[in-house]
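Heads up: the sequence lines are chains D and F, in that order.
The first sequence lines up with residues 1 to 202 when you count with my numbering.
The second sequence lines up with residues 1 to 85 when you count with my numbering.
Calculated directly from the structure, the hints in this document are not laboratory data.
Watch out, some of these pointers could steer you wrong.
As the list claims (entries may be wrong) - For the chain F half of the interface with chain D, some residues (derived, Cβ under 8 angstroms), not all of them:
(1) 28
(2) 45
(3) 49
(4) 52
(5) 53
Because the structure is a prediction, the values reported are computed rather than measured.
The beta-carbon is built from N, C-alpha and C at its ideal position, and this holds for glycine as well.
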Amino acid sequence: MGDKPFFIEALVAIKSNVVYRNGEEIFRRDHIQEPDAFIKEFFKNLKVKYPKFHKMDVLSKLGFLASEVLLKDKYVSPDTALIFSNSASSMETDRQYRASMEDFPSPSLFVYTLPNIVLGEISIRHRLQSENAFFVSEKFNPHLIHTYTTGLLKNEMSPAAVCGWLDLKNKEYDVFLILISENGKIPFTEENLQKTYYFDNE
Amino acid sequence: MSDLRTELKINIIEQLNLEDVKVQDIADDEPLFGDGLGLDSIDALELIVLLEKDYGIKLTEPQQGKEIFASVNRMAEFIEENRTM
Numbered sequence: 001m002g003d004k005p006f007f008i009e010a011l012v013a014i015k016s017n018v019v020y021r022n023g024e025e026i027f028r029r030d031h032i033q034e035p036d037a038f039i040k041e042f043f044k045n046l047k048v049k050y051p052k053f054h055k056m057d058v059l060s061k062l063g064f065l066a067s068e069v070l071l072k073d074k075y076v077s078p079d080t081a082l083i084f085s086n087s088a089s090s091m092e093t094d095r096q097y098r099a100s101m102e103d104f105p106s107p108s109l110f111v112y113t114l115p116n117i118v119l120g121e122i123s124i125r126h127r128l129q130s131e132n133a134f135f136v137s138e139k140f141n142p143h144l145i146h147t148y149t150t151g152l153l154k155n156e157m158s159p160a161a162v163c164g165w166l167d168l169k170n171k172e173y174d175v176f177l178i179l180i181s182e183n184g185k186i187p188f189t190e191e192n193l194q195k196t197y198y199f200d201n202e
Numbered sequence: 001m002s003d004l005r006t007e008l009k010i011n012i013i014e015q016l017n018l019e020d021v022k023v024q025d026i027a028d029d030e031p032l033f034g035d036g037l038g039l040d041s042i043d044a045l046e047l048i049v050l051l052e053k054d055y056g057i058k059l060t061e062p063q064q065g066k067e068i069f070a071s072v073n074r075m076a077e078f079i080e081e082n083r084t085m
């Protein structure tokens with residue numbers, strides 16, 4: 001088991017039509033009501049060419065965009081683990097799919113009726129072949145995320161990890177993802193994870 | 001270009017969320033899968049739904065899709081021969 005220290009290298013938060021990177025606001029659109037419209041504007045702003053983005057459900061789009069911001073200009077090892085969590089699983093898409101069943105069930109909606117699909121989308125985008133997990137808990141649980149992620153890092157199954165909270169419920173979203181690696185200044189501890197999340201949600 | 005072919009292109013773009021594609025970007029004889037529009041297997045299922053929803057055609061053999069969805073021209077010919085609505 002390795003005893004290398006790990007740090008919070010970078011973080012991204014997306015909430016209430018604002019995107020933050022390492023605590024700094026990088027994008028804001030106050031006038032937009034629908035999450036999908038905000039997400040589309042931010043995607044355009046990133047100037048990323050990725051046609052498949054438009055086929056994703058909103059949860060996957062949020063995870064994709066947050067990862068783009070978090071991993072921009074960084075070397076991303078194919079073994080970078082993804083440890084996500086939220087409170088509503090894929091409920092928004094589940095509801096949409098259920099509505100489509102009244103008429104013609106949509107195959108492209110059906111494939112997103114699991115929360116961990118976003119992990120696959122991010123893995124495809126960044127060519128990851130790594131450990132991943134998606135936990136569903138009532139609220140952000142720093143203990144769970146820290147314990148699981150530390151286990152992967154200390155056992156040298158992954159040299160780095162992207163972990164955090166990716167929630168979408170009743171058209172409200174709360175995204176908080178962090179990159180954990182050997183680089184950085186803030187030690188990756190449960191306490192720092194909790195402080196960082198709650199600081200971004202004050 | 002016939003109205004059916006234009007209508008099909010509009011429906012394909014909408015149904016498959018081809019955000020960056022315009023009607024004029026799709027040639028009538030261009031392959032829809034592979035090198036053409038780069039559609040995937042889930043898109044094929046959506047096209048099967050599109051045939052049923054918009055033209056009342058139910059594909060009984062999913063393998064038929066490979067031949068029918070070769071291009072907009074082939075899709076239009078198949079719809080003209082089999083449509084029930």
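Here's how the hints hold up against the structure:
no. : hint : in the structure
1   : 28   : violated (21 angstroms)
2   : 45   : holds (4 angstroms)
3   : 49   : holds (5 angstroms)
4   : 52   : holds (7 angstroms)
5   : 53   : holds (5 angstroms)
The earlier numbered hint that this structure contradicts is number 1, and it is the only one.
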